[in-house]
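Engineer: Using the sequences and the accompanying hints, generate a full structural model.
Numbering-wise (the working numbering), the sequence shown opens with residue 237 and increments by one.
Mixed in with the good hints there might be a few duds.
As the list claims (entries may be wrong) - Here are the simulated DSS-like pairs of lysine-lysine, each with C-alpha atoms no more than 30 Å apart in a straight line: (1) Lys282 - Lys303; (2) Lys303 - Lys242; (3) Lys258 - Lys242.
To be verified - Label-pair ranges, simulated between beta-carbon atoms: (4) Glu295 - Lys258: 16 to 22 Å; (5) Asp338 - Glu290: 32 to 38 Å; (6) Lys258 - Asp307: 16 to 22 Å; (7) Gly334 - Glu287: 18 to 24 Å; (8) Glu339 - Lys282: 20 to 26 Å; (9) Met309 - Asp338: 26 to 32 Å.
No wet-lab data here; the hints were simulated from the structure. The beta carbon of each residue, even a glycine, is placed where N, CA and C say it ideally should be.
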Amino acid sequence: MRTLEKHLRDNYSHNELADCAKFGCQGGFGDFIYYSDTVRYFEQFKEECFEIIEEYNEEMGVSGFPKYINDNMEDYTHFANSVIWFAVEWVAYQITQGEYIDEEEIA
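Structural biologist: Right, here's the structure in full:
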């Protein structure tokens with residue numbers, strides 16, 4: 237298991253991750269809101285982020301950075317923010333498939 241996936245599983249409920257998968261990080265997700273946090277997480281998970289982008293590209297049959305990242309390359313902060321958001325959203329989708337569960341049943 238990737239360390240980013242472990243971080244997400246350890247800190248967020250299934251349904252919080254499903255929200256992230258469906259609606260993205262842009263509307264506010266956990267502690268991936270402020271640039272100071274997203275840049276720190278990008279630095280922490282940088283290698284995995286690029287592996288996740290490669291995985292995404294293989295699954296989608298594309299190459300390069302996804303459009304969202306390409307559109308946010310004006311400086312390091314925006315680039316790091318968009319990469320970590322993309323990685324978090326992709327991993328959240330891989331975990332949940334965007335589906336919600338009755339969390340009372342698993343508690």
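Engineer: For every hint, state whether the structure bears it out.
Structural biologist: Taking the hints in turn, this is what the structure says about them:
1. Under the criterion of a C-alpha separation no larger than 30 Å, the hint pairing Lys282 with Lys303 is consistent with the structure, at around 19 Å.
2. Restraint check for Lys303 and Lys242: satisfied, since their Cα atoms lie roughly 27 Å apart, inside the 30 Å limit.
3. Straight-line distance between C-alpha atoms of Lys258 and Lys242 comes to about 20 Å, which keeps the hinted pair within the 30 Å bound.
4. Between Glu295 and Lys258, the C-beta spacing of about 18 Å keeps the proposed range 16 to 22 Å intact.
5. Under the hint 32 to 38 Å, the C-beta atoms of Asp338 and Glu290, about 35 Å apart, fit the expected range.
6. At about 21 Å, the beta-carbon gap between Lys258 and Asp307 stays in the expected band of 16 to 22 Å.
7. Between Gly334 and Glu287 the beta carbons are some 22 Å apart, a value that agrees with the proposed interval 18 to 24 Å.
8. Between Glu339 and Lys282 the C-beta distance comes to about 32 Å, which lies outside the given range of 20 to 26 Å.
9. Checked against the given bound of 26 to 32 Å, the beta carbons of Met309 and Asp338, roughly 41 Å apart, lie outside it.
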